[in-house]
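Position chain A relative to chain Z; hints supplied.
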Amino acid sequence: MSGYNLERLNFLVVDDNKHMRALVKTILHALGSKNVHEAADGADAFKELRHFPADIIICDWNMSPLDGLDFVRLVRTGKDSPNPFVPIVMLTGHTEMHRVIEARDAGVHEFLAKPISAKGLYSRLRSIIEKPRPFVRAGMYFGPDRRRRQIDWKGTERRKAMIEAKRAAAEAPPEEAGGLSQAEVEALLGG
Amino acid sequence: MSADGKPQFIQPPNHVKDKVSVTSNGIDFDTLEKAEQLIAGMQDSYLEWVDEDLRKLQALEAQLDGAGPRLQVFKDIYSISHDVKGQGGSFDYPLMTVIGNHLCRYIERLGDVEPSDKNVGVVKVHISALRLVIAQRMSGDGGKMGDNLIRGLEAAINKTTAAK
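Chains as they are written, first to last, in this note's numbering: chain Z, 353 to 543; chain A, 465 to 628.
For reference, chain Z alone in the conformation it holds in the complex (with noise of 0.2 Å):
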């Protein structure tokens, strides 16, 4: 059976938990890549992408001293960034809808819930390989076109996407409050 061929793409790992870092990059080789290279935080990833020109990255959200949300906006907007139309998979156990949003805001182009699997990280993937999005500027923002969809849109998608988001979240289970699931966070990215 013939599939996606990852070999000649260039992975950046940026976790500050080495054991983390050391699962993506297990899942990553077992898909075919050659090239990961790991970054503990948003500070080491910028360097490392100075020298190291990654074609996808991977990153976590809560570090030090600079956390993955800082981390895509440098990229994004910094005056010196090496790539700011990188492609970036947050990679986060923050699933709360705010978090999604914040994320969505700053910059990323998927975002993949903790605990991960190989199957949902290459989903991800396949998303960046098979939607390649537009940048946009405006106002603030600086990053993929928010509206993924490739429909003639009439104002209304991205608060359709929200409602059921916000939908899904309050028919969630009392201990799944609080977070969203894989599904409904790729509802309120608009995928």
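Quick caveat, the hints were computed from the structure, so don't treat them as lab data.
Ideal Cβ positions, reconstructed from N, Cα and C, are used throughout, including at glycine.
Heads up, a few of these hints could be off.
[Claimed, not checked] Partial pick of chain A residues on the chain Z-facing surface, computed with a CB cut under 7 Å:
#1 Ile474
#2 Gln475
#3 Asn478
#4 Gln527
#5 Ile544
#6 Asp547
#7 Gln551
#8 Ser580
#9 Asn583
#10 Ala619
#11 Ile621
#12 Asn622
#13 Thr624
#14 Thr625
[As the list claims (entries may be wrong)] For lysine to aspartate or glutamate, the following EDC-like pairs were computed, each having C-alpha atoms within a straight-line distance of at most 16 Å:
#15 A:Lys582 x A:Asp529
#16 Z:Lys370 x A:Glu578
#17 A:Lys588 x A:Asp529
#18 A:Lys539 x A:Asp494
#19 Z:Lys370 x A:Glu516
#20 Z:Lys471 x A:Glu512
#21 A:Lys481 x Z:Asp419
#22 A:Lys623 x A:Asp581
#23 A:Lys483 x Z:Asp396
#24 Z:Lys471 x A:Glu497
#25 A:Lys481 x Z:Glu390
#26 Z:Lys370 x Z:Glu390
#27 Z:Lys399 x Z:Glu359
#28 A:Lys588 x A:Asp556
#29 A:Lys520 x A:Glu500
#30 Z:Lys377 x A:Glu500
#31 Z:Lys483 x A:Asp556
#32 Z:Lys431 x Z:Glu454
#33 A:Lys470 x Z:Asp497
#34 A:Lys582 x A:Glu525
#35 Z:Lys370 x A:Asp482
#36 A:Lys539 x A:Asp517
#37 Z:Lys483 x Z:Asp497
#38 Z:Lys471 x A:Asp494
#39 Z:Lys377 x Z:Glu390
#40 A:Lys588 x A:Glu512
Below, chain A without anything else, positioned relative to chain Z:
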């Protein structure tokens, strides 16, 4: 933004598309299955990693018995529990994710208020539950024991919430 104030659309270079091809040895269902099996094969390593986290939690738990301020200890417990929550499910220990999530949500709800003895009690029972899951190797849903454990934790949280 363009000079007329309208959003400016930019078509970035697509390095990903340029480098990804469809080949006969590319990713298919079998590749994904093998990748999942590889993760499953990391379970022993996971048990070592999580043991490290549990020891850190135990040390923090001991600090809660002293007379010192508890808020920072709770924040440190939150940070480790967040890692535990994010990893368990990947290695067929979803109970670690569920309990870690309960613990994180509980600490979040307390905000920046100095934790009370009751709050300490709830946090401790969650840490004990995390230890039990690993000690008993309760992978998967943990069966009836797992079910009882989660219900017990929910009851502990409800009891302290109702007693406010």
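Comparing the hints with the structure gives:
no.: 1; hint: Ile474; in the structure: holds, 4 Å
no.: 2; hint: Gln475; in the structure: holds, 5 Å
no.: 3; hint: Asn478; in the structure: holds, 5 Å
no.: 4; hint: Gln527; in the structure: violated, 21 Å
no.: 5; hint: Ile544; in the structure: violated, 10 Å
no.: 6; hint: Asp547; in the structure: holds, 6 Å
no.: 7; hint: Gln551; in the structure: holds, 6 Å
no.: 8; hint: Ser580; in the structure: violated, 22 Å
no.: 9; hint: Asn583; in the structure: violated, 18 Å
no.: 10; hint: Ala619; in the structure: violated, 13 Å
no.: 11; hint: Ile621; in the structure: violated, 10 Å
no.: 12; hint: Asn622; in the structure: violated, 10 Å
no.: 13; hint: Thr624; in the structure: violated, 15 Å
no.: 14; hint: Thr625; in the structure: violated, 11 Å
no.: 15; hint: A:Lys582 x A:Asp529; in the structure: holds, 12 Å
no.: 16; hint: Z:Lys370 x A:Glu578; in the structure: violated, 31 Å
no.: 17; hint: A:Lys588 x A:Asp529; in the structure: holds, 11 Å
no.: 18; hint: A:Lys539 x A:Asp494; in the structure: violated, 42 Å
no.: 19; hint: Z:Lys370 x A:Glu516; in the structure: holds, 12 Å
no.: 20; hint: Z:Lys471 x A:Glu512; in the structure: violated, 24 Å
no.: 21; hint: A:Lys481 x Z:Asp419; in the structure: violated, 29 Å
no.: 22; hint: A:Lys623 x A:Asp581; in the structure: holds, 13 Å
no.: 23; hint: A:Lys483 x Z:Asp396; in the structure: violated, 25 Å
no.: 24; hint: Z:Lys471 x A:Glu497; in the structure: holds, 8 Å
no.: 25; hint: A:Lys481 x Z:Glu390; in the structure: violated, 22 Å
no.: 26; hint: Z:Lys370 x Z:Glu390; in the structure: holds, 9 Å
no.: 27; hint: Z:Lys399 x Z:Glu359; in the structure: violated, 24 Å
no.: 28; hint: A:Lys588 x A:Asp556; in the structure: violated, 24 Å
no.: 29; hint: A:Lys520 x A:Glu500; in the structure: violated, 29 Å
no.: 30; hint: Z:Lys377 x A:Glu500; in the structure: holds, 13 Å
no.: 31; hint: Z:Lys483 x A:Asp556; in the structure: violated, 31 Å
no.: 32; hint: Z:Lys431 x Z:Glu454; in the structure: violated, 22 Å
no.: 33; hint: A:Lys470 x Z:Asp497; in the structure: holds, 14 Å
no.: 34; hint: A:Lys582 x A:Glu525; in the structure: holds, 14 Å
no.: 35; hint: Z:Lys370 x A:Asp482; in the structure: violated, 31 Å
no.: 36; hint: A:Lys539 x A:Asp517; in the structure: holds, 15 Å
no.: 37; hint: Z:Lys483 x Z:Asp497; in the structure: holds, 11 Å
no.: 38; hint: Z:Lys471 x A:Asp494; in the structure: holds, 11 Å
no.: 39; hint: Z:Lys377 x Z:Glu390; in the structure: holds, 9 Å
no.: 40; hint: A:Lys588 x A:Glu512; in the structure: violated, 22 Å
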